[in-house]
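Participant: Listed here are the chains, written in short residue letters.
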Amino acid sequence: MYQYDAVDQEFVADRSREFREQVARRLSGELSEDQFKTLRLMNGLYLQLHAYMLRIAIPYGSLNARQMRRLAHIGRVYDRGYGHFTTRQNLQFHWIKLRDAPDILDQLAEVDMHAIQTSGNCIRNVTSDPYAGATAEELDDPRVWSEAIRQWSSLHPEFSFLPRKFKIAITASAKDRTAAKVHDIGLMIRRGRDGQLGFEVIVGGGLGRTPYVGPTITEFLPANRLFSYLEAILRVYNRHGRRDNIYKARIKILVAALGAEEFARQVAEEWAKIGPEGDLPDTELARIRGAFATTVFEALPARSEAFESAKAAHPALARFARNNLRPHKKPGYTIIEVSLKTIGDTPGDATSDQMDVIADLAERYGQDDIRVTHEQNLVLPHVRLDDVPEVFAQLQAAGLASANVNLISDIIACPGLDYCALANARAIPVAQQIAQTFADPDRAEAIGELKIKISGCINACGHHHVGHIGILGVDKKGEEFYQLTLGGSGAEDAAVGKMLGPALPYDKVASAIDTLVEVYLRERQEGERFLDTYRRTGVEPFKEAVYADAH
Amino acid sequence: MPTLIRRLDDDQFILADDPFTAVADDEGLPPGDVIISFTRFQAEGDRLLTEGRAVGVRLEPAEEVEALAYDLPRIAVVALAFPKYRDGRGYTAARLLRERFAYAGEVRAVGEVLREQAGFMVRCGFDAFAPADGASPQDWAHAVHRHRHVYQRAADLRTPAFVEREGG
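These protein sequence lines are chains A and B, in that order.
Count the first sequence with the numbering used here and you get residues 1 to 551, in order.
Count the second sequence with the numbering used here and you get residues 1 to 168, in order.
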């Protein structure tokens, strides 16, 4: 993981000090809540239904044991003993007191963390591949570029008052684990024919009220020209993005209005004027690369006898291995996904005690490295196969061993009406009901990969548009209803889901999902996921079954 | 005479008299130095300049600095309007004035100008401020000097972190 130098540390400390003064001005009454709002929003502090919510940046979802322990500590001392990992790889505390916020930021600064730009109309936390540095699929380590962007975007003088928030994702693998195509900018690391490193640049994807899969505006941008190109995109957007209507202010609306080709032309024109002056020197990129702690791997056989015999003896471990382990680039190692989707619990929540367990495991068995996925799970990216049985046992003891990654109960849900002032409907209890419906692990495994995503309102924080099954909470005359969409994907085969039919009442959602799954199991052909079957058959068989049931 | 906050070359901030009168489009022109809209400048700029006055131009966020490019050598002040503090187009305008057009005159921030924007504004090349929140030059200096490090090259002459590190 990236090691802060004195510059990075002082930067974060200065920011924390500034916020302490601002909070003091608010508490003394010098600032009204309205005046203070703009300041707290620049530090990730929202006023929600019951309390303040603090969103802490976990840059590109990467943290170490010390940082995880500090989050656990903050949760214990200043919140209710738990935190919520988000779809942008951040962590939210939902029960914060304003007077504690400056102390929390200081505590974060001590471990090289912050809440800068986790809200507001600025460049937000960059998201990246949670398997970075561990998967054999990647062309380069996307964290290096993510960190460079983190620094470049921090208190950017020109781009801190954009028309609307701005989210960048970077992936270096063909298998996209970042939802790059539904970000304001998606960067996909590519290698040119001559072996040179570069980026495919996708601009104007997004979810919310008007979902778009973003178009590619440049197929291959040489890697060392990234920052001048980003500056050109942001400048065109800052000048021409709409500011008259909050719902039409994201860059996707500008790109759609101009057309991808015209937008690309404007960017190219601005880029030519900026020139290489706007780029980060190669020496700094090399320094950042070098500031990532090197991971030293042992030479191990690809097969671990200890692991194989433990699996044979313990079916639960075997199930966990089938669903939660991913291939590592080094023989004898594996990537472990830790599901935060324990059936019956809130998706993405972890208690402080659980955070401590993860920190201990990372330290003892995982090269002090932890990741957060945009699907709200955690990852131990470098674990020896030999150690998996022990890690599994400790996860099990902490209630963190759900073997359901990518399965039907691995649901993304926004906080919904239980917490959020914007929501129309609850999201968490719907997720819990669906998870209960599919609590039988054999059945869940037989169903295979199925991504359900739930949003409590049209702002789509639960990414329902890109769920294989998407669920959107709506308000109909004061009652919670849910609209189902099918066929969405946030991965490399990105697509926006299509609406199934009229919205269903709260108590019919879980049974409707059950019906959809039955249709899939009936219709599926060899090797098809739910998404594949849907794409082959179209909506009709699904629609017929759900609405026949509903009547 | 109304006052404004000025940034001096040594990065100090002082309260200074404002010799310019801001004139709305429907107002008559007083004698002396004036700041007028871009539309009015196009109609009356030549005449005012021949009268020997110093003339400043106020640009609204939607008006592009490129339109002013050829007139810049004879304009004493470009006043960039912030109808709302949230409207960030003025930051781009200021950077382009300084970096692309090498404009050496005064770049002034007018409208909803708050101390929280001070650091960003100075980095983009603003050197005169008419704060709407009653901020003093001390408040302004405090906000601007808050951060010991910056990560980007911009229109001010601050050394970005990546250069600072090379020296370290």
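You may find that some hints are simply not true.
Heads up, simulated DSS-like pairs for lysine-lysine below, C-alpha to C-alpha not over 27 Å straight-line [to be verified]:
id	chain 1	residue 1	chain 2	residue 2
1	B	K84	A	K165
2	B	K84	A	K329
3	B	K84	A	K248
4	A	K329	A	K175
If you only want the chain B side, here are some residues facing chain A, beta carbon under 8 Å, derived [as the list claims (entries may be wrong)]:
id	residue
5	F120
6	R123
7	Q138
Beta-carbon label-pair distances, calculated as ranges [what the hints assert, rightly or not]:
id	chain 1	residue 1	chain 2	residue 2	range
8	B	A132	A	R99	21 to 31 Å
9	A	E479	B	A132	41 to 51 Å
10	B	D17	A	K37	30 to 40 Å
11	B	L15	A	E30	33 to 43 Å
Calculated directly from the structure, the hints in this document are not laboratory data.
A virtual CB, placed ideally from N, CA and C, is assigned to each residue, including glycine.
Participant: Could you tell me which of the hints above the structure violates, numbers in ascending order?
Facilitator: 2, 7, 11
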